[in-house]
Amino acid sequence: MSIERPSIEVRNLVKKFGSFTALNGIDLDVYPGEVHALLGDNGAGKSTLIKALSGIHPPTSGEIKVDGVIVHFQSPREASDAGIGTVYQDLALNPLASVTRNFFLGREIKKGLGPFGLLQMKEMNAITIAEMKKIGIHISNPDQPVGTMSGGQRQTLAIARAIYFGAKILILDEPTSALGQKQQMEVLKTIRTVQKLGNIAIILITHNEIHAQLIADRFTFLSLGEVIGRGIAQELEGDEIKKLMAGGAELGDLKAELAA
Amino acid sequence: MVLFFYPKNKMSSEISTTVKRNETDRHKKKNWFQILLARPEIGPFGVMLLLFGMLGYFSIPEGQFSINPFTGEGFNALGIRNNFRVIAQLGIVALGAGMLIISGEFDLSIGSMAGFAAGCMAMILKWGFAVIIPYPSFADGFTIEGYRLFEIQSVSPLTAILITLCLTLSFGWFQGWFIVKSGISSFIVTLGGLFFLRGLTEVSYRAFNKKVDQTAGSTTVTDLPDIKNIIEVPGLGEMEREAAKVLPNDQILKILKTAPEATLVKITDQLTYINQKVAVTKTMMQEEKMLQTLQRSLDNAIRSGNEAMQKMLQAKIDAGIDVQAVQAKAVTDLDLAKAYIDTLPTARPVAEFFGGNILQPVFDWLYFTVDWNVNNFGNQFAPGLYACVMIWLIMALFCYIVLSKTQAGNWIYSTGGNLSAARANGVPTNRVKISLFVFTAFCATMFAACQVFEVNTADAAKGNLKELEAIAAAVIGGVVLTGGFGTILGILLGTVIFGIAKEAFFYIPGIDGSFYRVFLGAVLVSAALTNENIRKRIVGSA
Chain A
1 MSIERPSIEV RNLVKKFGSF TALNGIDLDV YPGEVHALLG DNGAGKSTLI
51 KALSGIHPPT SGEIKVDGVI VHFQSPREAS DAGIGTVYQD LALNPLASVT
101 RNFFLGREIK KGLGPFGLLQ MKEMNAITIA EMKKIGIHIS NPDQPVGTMS
151 GGQRQTLAIA RAIYFGAKIL ILDEPTSALG QKQQMEVLKT IRTVQKLGNI
201 AIILITHNEI HAQLIADRFT FLSLGEVIGR GIAQELEGDE IKKLMAGGAE
251 LGDLKAELAA
Chain B
1 MVLFFYPKNK MSSEISTTVK RNETDRHKKK NWFQILLARP EIGPFGVMLL
51 LFGMLGYFSI PEGQFSINPF TGEGFNALGI RNNFRVIAQL GIVALGAGML
101 IISGEFDLSI GSMAGFAAGC MAMILKWGFA VIIPYPSFAD GFTIEGYRLF
151 EIQSVSPLTA ILITLCLTLS FGWFQGWFIV KSGISSFIVT LGGLFFLRGL
201 TEVSYRAFNK KVDQTAGSTT VTDLPDIKNI IEVPGLGEME REAAKVLPND
251 QILKILKTAP EATLVKITDQ LTYINQKVAV TKTMMQEEKM LQTLQRSLDN
301 AIRSGNEAMQ KMLQAKIDAG IDVQAVQAKA VTDLDLAKAY IDTLPTARPV
351 AEFFGGNILQ PVFDWLYFTV DWNVNNFGNQ FAPGLYACVM IWLIMALFCY
401 IVLSKTQAGN WIYSTGGNLS AARANGVPTN RVKISLFVFT AFCATMFAAC
451 QVFEVNTADA AKGNLKELEA IAAAVIGGVV LTGGFGTILG ILLGTVIFGI
501 AKEAFFYIPG IDGSFYRVFL GAVLVSAALT NENIRKRIVG SA
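Chains as they are written, first to last, in our numbering: chain A, 1 to 260; chain B, 1 to 542.
No lab work stands behind these hints, which were simulated from the structure alone. Some hints could be false.
[Claimed, not checked] Some chain A residues flagged as far from chain B (calculated, every beta-carbon gap over 12 Å):
1. 6
2. 17
3. 42
4. 58
5. 60
6. 80
7. 108
8. 112
9. 210
10. 231
11. 236
12. 256
[To be verified] Heads up, simulated DSS-like pairs for lysine-lysine below, C-alpha to C-alpha not over 27 Å straight-line:
13. B/282 x B/338
14. A/133 x B/257
15. B/257 x B/329
16. B/338 x B/266
17. B/536 x A/182
18. B/245 x B/289
19. A/133 x A/111
20. B/245 x B/211
21. B/316 x B/282
22. A/111 x B/405
23. A/243 x A/255
24. A/168 x A/196
25. A/122 x B/405
26. A/110 x B/405
27. B/536 x B/405
[Said to hold, decoys possible] Not close to chain B: a few residues of chain A, all C-beta gaps over 10 Å, as computed:
28. 27
29. 66
30. 68
31. 90
32. 91
33. 93
34. 102
35. 110
36. 148
37. 227
38. 228
All values derive from a computational prediction rather than experimental measurement. Built from N, CA and C at the ideal position, the CB exists for glycine as well.
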């Protein structure tokens, strides 16, 4: 836990879609080298919050500061230029193309004129292997199509790509959902490796409180567009997390209800 | 009583604490042969070899036997020239269609676009080009008058091509722009383009291509000059090669006087060789004819039982025929002059580039030195390959480099492979698609240019069905219809298969020529099935 300046500070963020208030005054601080778990039930506003942070939906009001500077993102490009890398559930990968081609998709290293510049395949392959290795996955063949990789490896690829292209704040949208047990562990290990790099703030959106407990340093719970609880890992009990995740309802109540 | 003693390690569960295998170990390293077999082009390559074999063996003339397929008629010089023409013409449009499919879109208007471009070019070459602004006039009742903004009377081949390109490329751009902006499927929009352009072409032909006393014009332009063969004749100015050859004798001989000494020596040598060759061939043909007559008489004698006659004829046949050798024709100055006119360079290099011949020195060498490129009468069989083969190969090389080696190629693959992913990573997917629609229009125009300058005619049906053939060739070559997968090498192979199938089936004895379509249909569907399985193997193994 550090006492330095947060990488990203969110103050009183409001997002309205017409008459519907998706986010109603959110505060959030995420520090470098720290995994901040964003928990909440479906419809709690997690997705809207990360979309506001990554420039897809500009907020209605409120303030976002990146490294102490107020930002107003109008497009995903601006957000990624400011150092916010978002790894979505669908990972934005082309399964038919090779690892390297995906790693550098849209930001290829080339020599020559405009889009007809020649790709520097060797250099790109070397960087891809090195960057993947940095966060703990060894790939032997960078020409292998992404479609043939495991789900965990694909997550790693997307994370490595975001970090290589300058992400200081990494937003991971449900990285462990839709994965097998072993691959989930693989992804958690990757997140831990990134955490240890020390300079990257990670926002982890998840449904799985076990994963959150394993890896997160700080928690923020959302329900119906508001923060209903926050805390650091050591202070939170398992049941409390469960309760907050369900939006404050007692699990015990449900037990009784189901038993009746 | 029997006691079973289980081995100890079977009783306790096995737990290995150190995992030695990691994920990448599951991908076994392949040797070169397995790598070759795993390439998606291997299927089409096999089919192509099969067709080449068929073409070779079935075209070996009756009564001859050979295990070498290259002795077949399908592989003689003229066969190669004609087959490669068919392949190249399809290949030019298949490249555009294939690239577009890889990016996830379709263009059904390629064939109509080619027809439109051919008509456009032919009409501009014939009547010139003018920009006319129509306006309503009330001076003499209501009429539509035209204001002639500017006019070019005699248009050079290059200008005709450039004007046509302006029209076709902007139509291609418009189709692409409309598709990405409206979100309507490219299938429908370009189907509209197919009807629109074909109709527009026919309308234009009928409107412009009519004589004064006719009400409706013809949909063909046939009387274009042989532009690629316009030459600068010394002292007489520009004229068609054939026209120069039928000039009065004194004029032709005057032209000969301008020929450089070295050229004359070379032409004389060549003509002497040709005349010799023709004479030898003629002699052989006469021998064969007499032998056949004797053989027939012998057969008759055997049938009628005339033994004396039989013996006499048999002796004659055994002794061999000795006909008087045909004398080689002497090389006259007139022959020399005509041969010299043939060597004069074209005055319209652009027309020559699209409609002329390539590799003439090689085909000359094959005739004069290798003694292979020879027809039944002893003359040179094929003058070279059609220029469209070169244009096809240049374009293929360009497409290969763009698709496999450049950033644009990566963008094309990702636009077709996962559109939203490409967009999320900052790939200008709309621009990629629009550019490729422009490129298919370019391919169609190149196809048209080759046709117009090759045969000096154009008609409204040009390019009919080419769009479907191009798509079929791309799919046979391993391009996946949903996009993101395929190679230029594959498209080339698919094109060769599609182009050669007709010829290969043509030579099969006792079989209807249209069976090649049956064959192609089956190959197309099995190729699509194979492609889909490859795609699933890659995407579905997570």
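Taking the hints in turn, this is what the structure says about them:
1. 6: holds (26 Å)
2. 17: holds (21 Å)
3. 42: holds (22 Å)
4. 58: Non-interface label stands for residue 58 of chain A: nearest chain B Cβ at 17 Å, farther than 12 Å.
5. 60: holds (24 Å)
6. 80: violated (8 Å)
7. 108: violated (4 Å)
8. 112: Per Cβ check, residue 112 of chain A is inside 12 Å of chain B; nearest 8 Å; violated.
9. 210: holds (22 Å)
10. 231: Given a closest Cβ separation of 33 Å, the condition holds.
11. 236: holds (32 Å)
12. 256: Holds, because the least Cβ-Cβ distance between residue 256 of chain A and chain B comes to about 39 Å, which exceeds 12 Å.
13. B/282 x B/338: Holds: residue 282 of chain B and residue 338 of chain B sit about 23 Å apart, inside 27 Å.
14. A/133 x B/257: Judged against 27 Å, a Cα distance of about 78 Å means the pair is violated.
15. B/257 x B/329: holds (22 Å)
16. B/338 x B/266: holds (14 Å)
17. B/536 x A/182: Given pair residue 536 of chain B, residue 182 of chain A holds - Cα atoms ~23 Å apart, limit 27 Å.
18. B/245 x B/289: Violated, because 34 Å separates the two Cα atoms, which is more than 27 Å.
19. A/133 x A/111: holds (26 Å)
20. B/245 x B/211: Roughly 31 Å separates the two Cα atoms, so the pair is violated.
21. B/316 x B/282: holds (21 Å)
22. A/111 x B/405: holds (11 Å)
23. A/243 x A/255: Judged against 27 Å, a Cα distance of about 13 Å means the pair holds.
24. A/168 x A/196: Distance ~13 Å between residue 168 of chain A and residue 196 of chain A Cα, so the pair holds.
25. A/122 x B/405: holds (12 Å)
26. A/110 x B/405: Between residue 110 of chain A and residue 405 of chain B the Cα gap is close to 9 Å, so the pair holds against 27 Å.
27. B/536 x B/405: This hinted pair holds, its Cα atoms lying about 25 Å apart.
28. 27: holds (28 Å)
29. 66: The claim stands: residue 66 of chain A keeps its Cβ more than 10 Å from every Cβ of chain B (closest is about 19 Å).
30. 68: holds (27 Å)
31. 90: The claim is violated: residue 90 of chain A sits with its nearest Cβ about 7 Å from chain B, within 10 Å.
32. 91: violated (7 Å)
33. 93: violated (6 Å)
34. 102: With a cut-off of 10 Å, residue 102 of chain A comes too close to chain B, as the shortest Cβ separation is near 8 Å.
35. 110: For residue 110 of chain A, whose nearest Cβ neighbour in chain B is about 5 Å away, the distance does not exceed 10 Å, so it is violated.
36. 148: Per Cβ check, residue 148 of chain A is inside 10 Å of chain B; nearest 5 Å; violated.
37. 227: Given that every Cβ of chain B is farther than 10 Å from that of residue 227 of chain A, nearest at about 28 Å, it holds.
38. 228: holds (31 Å)
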